[in-house]
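Enquirer: The primary structure of each chain is shown beneath.
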Amino acid sequence: MSVQTLNRELDRLEGLWTDGLSDSYRSYLDAVAGHEPHAQPKLALAAALIEVGLRLQGLGGRAAPPPTLLMGDLCLARASRLLADAAGQSLQVAFAQAIESLSAAAASGQQARPVRELLVNAFAAGR
Amino acid sequence: MISGRLRFDTSHPTEFVDLTKRINDEVQRAGLRTGRLHLQSLHTTLGLAINENEPLLLRDFQHLLERLAPGDAGYEHDDFTRRFEVAVDEAVNGHAHCRQLLLTGFATLLVEQGRLVMGRWQSVFAVELDGPRHRQLAMQLDGEFSPPHHAGWGDEATELIELELTRQLMADPDPVALPMRRLMEAGGKRLRPKLVQLTSRIGPRQEPLRAASLAAAVELLHNATLIHDDYVDESTHRRGRPTVAAEEGAERAIAVGDYYFAKATRLIAELGNPSVATTMAEALEAICASQIDDVAQRGAFPGDHDSYLRVVRGKTAALFAAACVSGALLSDAPADVVEALRRYGELLGIAFQMADDMVDFSPDSGKPIGLDIRQRALSLPLIYAAEDRAVGPEVRTLLAGSLGDKEVDRVAELVTASDALRRVGDEARGLVEEAVREIEAVELDGLRPTLVGLARSAVDRTA
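In order, the protein sequence lines correspond to chains P and H. If you're matching positions, the first sequence starts at 1 in the numbering used here and goes up one per residue. If you're matching positions, the second sequence starts at 1 in the numbering used here and goes up one per residue.
Because the hints were derived from the structure by calculation, they are not lab data. Take these hints with a grain of salt, some might be off.
To be verified - If you want the ones that stay clear, here's a sample from chain H, every Cβ over 12 Å from chain P, calculated:
no., residue
1, 178
2, 233
3, 263
4, 266
5, 275
6, 398
To be verified - Chain H stretches covered by chain P per the calculated footprint, using a threshold of three residues with CB under 8 Å from any CB of chain P:
no., stretch
7, 244-252
8, 319-329
9, 400-407
Virtual Cβ for every residue (Gly too), placed ideally from N, Cα, C.
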């Protein structure tokens, strides 16, 4: 992997917000409405980062090239930190279970349910 | 000098608790061969005594105490209307304080040949005078210790870690569990889970099963990051076996890594300790960010000392520190202890990575020499060799070109011939001693020799 490639990936991380992350974030705002008001933006952002992170990695599809995988990993890690800060135990568990279910399906070559649907359900389960 | 606490519960108002065996166990655990063990009661209604453990005699002692300071003698201490700052749960216990005055609150016991020096009929008692209560004695051991070792601790704890890992993997679907099981069974030092288990025994809240769950989560998280790293680094082998990416393909490797990242975070969340969850999440973010940093620096291969430390702090040391901190947090250890362990873990993690770099040049490692050179991985011996006045120019020239077998062998030869490995070894050992100093001033409940031994053995290795 070349440094030029990686620099492009770093630029992409900066650009993630305009490249789908903001839309994804907005889509979760309804789902977080039942949670504490101060936690809602963090929770919506965590869900959006998971959605974008898994897409960047190519989970369930064609594997992302290494630099893109690293960006995806970073998105998941940031989501995990946001959840540790803002989510209760049951919501953290529900989010982890959603990723477990998606990745187990991907490893088995099975079709998984859409990420967004799983995460919205996780918000409901973890309320 | 080793310090710790002996904790126990009493079940009667007056009770003679024979601590002789426990104290002997502590002497053995600490490795004290010849010296002294000092005990001090941390309570004003708990005394110490050395006498014979004969039930009728113990009743005689109790009767003696009752005659000398009867419970109904009318003590001014029990007149709360005349006292200031009376706690809401203050006991009527003037008699207990007076009885304690007849005993001692401290004792020094001699140790020879690794055991307490005791007469045939002697036992060491804590004397409860106002029970039942939770009690603790402060304990210090000084003298001549056996060389530190952690085998005695390690057997049982390692078994628990392995059992918990097996239990966790058994519950997972085969497509993710099998590759992870192969990776786990191929080896690994399990240092991070050992640190979790050790530090989880420091505070007052000791729950081995919860600690084992956290230890397993930390090891799963570590291995999940390795699976993704191997794909990123295009590594074909790890621990002598094909990597998950090489054996099962990149798609499966990504899925397995994600599964165990999620599972580990779930296990941590299920512990219900927000501080532990935050600590681990911060470590994971540091690992991912420094992995990006690491790859970005490969254009300036082999890099320099500062950038090396920056990457290693995130990539390796963050999880060592988090392992130490989270175990201690789980046990409700005091804040100063948690902070000292964080610094210990970080320094140990950096030293561990330096030792790992040196293993790449060891003929005894069981791995092909020069793997880091071939993969252009961050390596302190390479950085030092490139700076070396004698071999540096040739090393830099070789590293700037394409690296076939011949070039890799030559770079390894130059590194070995230079002063680089000695410098790295000295630096790693220096960091370990610094780590040891970080935990010198805090109360570790007798675990300091084990932590010291573990740190030193993590660096003094060839594989």
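Enquirer: All the hints need checking, so say for each whether the structure fits it.
Expert: Here is what the structure says about each hint:
| no. | hint | result |
| --- | --- | --- |
| 1 | 178 | 10 Å, violated |
| 2 | 233 | 8 Å, violated |
| 3 | 263 | 6 Å, violated |
| 4 | 266 | 3 Å, violated |
| 5 | 275 | 9 Å, violated |
| 6 | 398 | 19 Å, holds |
| 7 | 244-252 | holds (count 4) |
| 8 | 319-329 | violated (count 0) |
| 9 | 400-407 | violated (count 0) |
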